[in-house]
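One-letter residues, chain by chain:
2 protein chains.
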Amino acid sequence: MPNETTFRRTPKIHLQALLNELFKGDKISLGRAITIVESKHPEEKKIASQLIDQILPHSGKSFKIGITGVPGVGKSTFIESFGKKLTSIGKRVAVLSIDPSSTKTKGSILGDKTRMPELSNDPNAFIRPTAAGKSLGGVSSNTREAIMLCEAAGFEIILIETVGVGQSETMVKDMVDYFLLLMLAGSGDELQGIKRGIMELADHVLINKADGNMLDSAKNAKEDFKSALHLFPSNPSGWVVPVGLCSAINKTGIEEAWETINQFQKQMKASGWLEANRKDQAIQWFHERINNHLIDDFYSDHEKQNEIKEKEEMISSQRISVRKAIDELFRNRS
Amino acid sequence: MPNETTFRRTPKIHLQALLNELFKGDKISLGRAITIVESKHPEEKKIASQLIDQILPHSGKSFKIGITGVPGVGKSTFIESFGKKLTSIGKRVAVLSIDPSSTKTKGSILGDKTRMPELSNDPNAFIRPTAAGKSLGGVSSNTREAIMLCEAAGFEIILIETVGVGQSETMVKDMVDYFLLLMLAGSGDELQGIKRGIMELADHVLINKADGNMLDSAKNAKEDFKSALHLFPSNPSGWVVPVGLCSAINKTGIEEAWETINQFQKQMKASGWLEANRKDQAIQWFHERINNHLIDDFYSDHEKQNEIKEKEEMISSQRISVRKAIDELFRNRS
Numbered sequence: 001m002p003n004e005t006t007f008r009r010t011p012k013i014h015l016q017a018l019l020n021e022l023f024k025g026d027k028i029s030l031g032r033a034i035t036i037v038e039s040k041h042p043e044e045k046k047i048a049s050q051l052i053d054q055i056l057p058h059s060g061k062s063f064k065i066g067i068t069g070v071p072g073v074g075k076s077t078f079i080e081s082f083g084k085k086l087t088s089i090g091k092r093v094a095v096l097s098i099d100p101s102s103t104k105t106k107g108s109i110l111g112d113k114t115r116m117p118e119l120s121n122d123p124n125a126f127i128r129p130t131a132a133g134k135s136l137g138g139v140s141s142n143t144r145e146a147i148m149l150c151e152a153a154g155f156e157i158i159l160i161e162t163v164g165v166g167q168s169e170t171m172v173k174d175m176v177d178y179f180l181l182l183m184l185a186g187s188g189d190e191l192q193g194i195k196r197g198i199m200e201l202a203d204h205v206l207i208n209k210a211d212g213n214m215l216d217s218a219k220n221a222k223e224d225f226k227s228a229l230h231l232f233p234s235n236p237s238g239w240v241v242p243v244g245l246c247s248a249i250n251k252t253g254i255e256e257a258w259e260t261i262n263q264f265q266k267q268m269k270a271s272g273w274l275e276a277n278r279k280d281q282a283i284q285w286f287h288e289r290i291n292n293h294l295i296d297d298f299y300s301d302h303e304k305q306n307e308i309k310e311k312e313e314m315i316s317s318q319r320i321s322v323r324k325a326i327d328e329l330f331r332n333r334s
Numbered sequence: 001m002p003n004e005t006t007f008r009r010t011p012k013i014h015l016q017a018l019l020n021e022l023f024k025g026d027k028i029s030l031g032r033a034i035t036i037v038e039s040k041h042p043e044e045k046k047i048a049s050q051l052i053d054q055i056l057p058h059s060g061k062s063f064k065i066g067i068t069g070v071p072g073v074g075k076s077t078f079i080e081s082f083g084k085k086l087t088s089i090g091k092r093v094a095v096l097s098i099d100p101s102s103t104k105t106k107g108s109i110l111g112d113k114t115r116m117p118e119l120s121n122d123p124n125a126f127i128r129p130t131a132a133g134k135s136l137g138g139v140s141s142n143t144r145e146a147i148m149l150c151e152a153a154g155f156e157i158i159l160i161e162t163v164g165v166g167q168s169e170t171m172v173k174d175m176v177d178y179f180l181l182l183m184l185a186g187s188g189d190e191l192q193g194i195k196r197g198i199m200e201l202a203d204h205v206l207i208n209k210a211d212g213n214m215l216d217s218a219k220n221a222k223e224d225f226k227s228a229l230h231l232f233p234s235n236p237s238g239w240v241v242p243v244g245l246c247s248a249i250n251k252t253g254i255e256e257a258w259e260t261i262n263q264f265q266k267q268m269k270a271s272g273w274l275e276a277n278r279k280d281q282a283i284q285w286f287h288e289r290i291n292n293h294l295i296d297d298f299y300s301d302h303e304k305q306n307e308i309k310e311k312e313e314m315i316s317s318q319r320i321s322v323r324k325a326i327d328e329l330f331r332n333r334s
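Protein chains in written order, with this note's numbering: chain A, 1 to 334; chain B, 1 to 334.
Heads up, a few of these hints could be off.
Since the list can't tell identical chains apart, any single copy or any two copies may satisfy a pair.
As the list claims (entries may be wrong) - Below 27 Å or equal to it, Euclidean Cα-Cα: the simulated BS3-like pairs (lysine-lysine) are: (1) 46 - 324; (2) 84 - 309; (3) 85 - 46; (4) 195 - 91; (5) 113 - 324; (6) 46 - 91; (7) 195 - 46; (8) 279 - 304; (9) 219 - 113; (10) 40 - 251; (11) 309 - 222.
Quick caveat, the hints were computed from the structure, so don't treat them as lab data.
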């Protein structure tokens, strides 16, 4: 639990005024609303509950795309080009960035202005980094509620960006409709960074930087990935995972990627999979929050934390069995 | 919680006598000891604690191999041939079978006699199905403690067999030193059964039924898998995942598979990875049990269960937000 004194001073919030502006699509109000739902301050949590209740009927209407790839793959440039493509055809686009490994929140906005200079100045785009340094469970809930708020503010396409190296990908996979994996040509060092199992979660593999000298090897990589994916278990939605090429910097392959995503959207709406998957995701989120609540509650006891650390060491050195450690840990609880 | 009356009548257990026989490698005592640690009966749980305490210093000495593959891949025949190979070179082998989807425990022993006729009659082999119909957390802890007991009884190689279609594979992956995936040639229907992400967890892909008419396509599949695995993230241990062929029924490729596993064992002992991974697994098990304890405790309340079901329905139909559902669920708890 963060110290009470670390909370910034909160000006009185006029919920109805905030909602009015939010529904009009005002980005400043949207940003403020996200800050409120991220807050752990008891007063703000009450307002957050009301806020979420009010926007609930207006949520669930966007198409959510998870975008992942190791650092260096060109995620920012891709999101810039892809996002601009979407706004150019009249879509309103929100970008939520997640980096649970980072503990910095300050300066991220400035960072986004550098990372995506055009998109961050686009009136139809909204970019927001998730307040980091929290537990994965916290980031997950914050991001899901941020999505709902973006939807209420009329953003139709939501891009959830993650770094592709930690545990955040499966978390993102569980909240989006579509999961796009950016890769580079070649099968060497770049792959080391991607977590095992992520490749098989992708709904779309897109090889970026397919330009100049790299074009031929990107084409080869495309064929290799296509045959490889064929050997792996198929997508539960029935979707045949496409492997595409793009050059985010030259803006090639972006339109094709969007067409493919559109095709997925149509197909999955028709089959009912999109709807069914969203319901499953909501139920799963609920259970995730129950579990996190129980676990956070338990670990919030400082003495318990020390006891757990001690027991971990004893287990490591085989001085105590896991069974005994558990018996002792829960001895004084019914 | 099972009903008290469902517990079988327990004869008085002489712990020291049981331990003496167990340490001598007596299979009947080993079977009985596993039944005790699987028990939820309060009296037997006390004895189980003492039992585990006594055998703790004698555990952790085996090499544990997880074996998975979809039904029809030939797991039983493979384990029969592989197990016999191991006992023929003087190893004592235990086989623990997990099938969390099955709720039957009775008749499994008979089943194993049919599935593995030679191995089940081998004095140096011990075969035991995990009492099923329990939660995955329960199966995980039971299997880990069964492993410890097998180790104390002098079994050097422990094979943990699972079905390859559910969530049990990641569970098994987290308790073994080596994870062997049995496959069939061809990339069609057989793959549909395997869960996504499992392929990338494998330390060894072995294509079974590489005989007769199937030999050529098995050879092709081997080359295809080799190139495919090359495109995927590498094994965290630094091990290059081998793709091999075997015919469990003709006993070909079995010796080569064992040599490869031996090589892994040597390499990972030398690098320190084996030891480090085992410590990580033990700590992870501890946290898994803490979490399961908290969650089981919470869900054991019948009224809570009904409330959760109701809320699930309301979440599905977007009549309540997950935030509000959680607030209401934990309202009467601190």
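How the hints compare with the structure:
1. Proximity of residue 46 and residue 324 under a CA criterion of 27 Å is satisfied inter-copy only: 10 Å between copies versus 41 Å inside one chain copy.
2. Taking identical chains as interchangeable, the C-alpha atoms of residue 84 and residue 309 are never at most 27 Å apart, the minima being 49 Å within one chain and 43 Å between chains.
3. In the homo-oligomer, the alpha carbons of residue 85 and residue 46 never lie at most 27 Å apart, since the shortest distance is 39 Å inside one protomer and 66 Å across protomers.
4. In this assembly of identical chains, residue 195 and residue 91 lie within 27 Å of each other by CA distance neither inside one copy nor across copies; the values are 32 Å within and 36 Å between.
5. Taking the shortest alpha-carbon separations for residue 113 and residue 324, neither the intra-copy value of 54 Å nor the inter-copy value of 35 Å comes in at or below 27 Å.
6. Proximity of residue 46 and residue 91 under a CA criterion of 27 Å is satisfied in neither setting, with 33 Å inside one chain copy and 64 Å between copies.
7. Taking the shortest alpha-carbon separations for residue 195 and residue 46, neither the intra-copy value of 38 Å nor the inter-copy value of 41 Å comes in at or below 27 Å.
8. For the identical chains of this complex, residue 279 and residue 304 are inter-copy neighbours only, at 21 Å across copies versus 36 Å inside a copy, given an alpha-carbon limit of 27 Å.
9. For the homomeric pair residue 219 and residue 113, neither the shortest alpha-carbon distance inside one copy (32 Å) nor that between copies (53 Å) is at most 27 Å.
10. For a Cα distance limit of 27 Å, the shortest separation of residue 40 from residue 251 qualifies neither inside one copy, at 41 Å, nor across copies, at 62 Å.
11. Proximity of residue 309 and residue 222 under a CA criterion of 27 Å is satisfied in neither setting, with 47 Å inside one chain copy and 45 Å between copies.
Hints 2, 3, 4, 5, 6, 7, 9, 10 and 11 from the list above are not met by this structure, while the remaining hints are.
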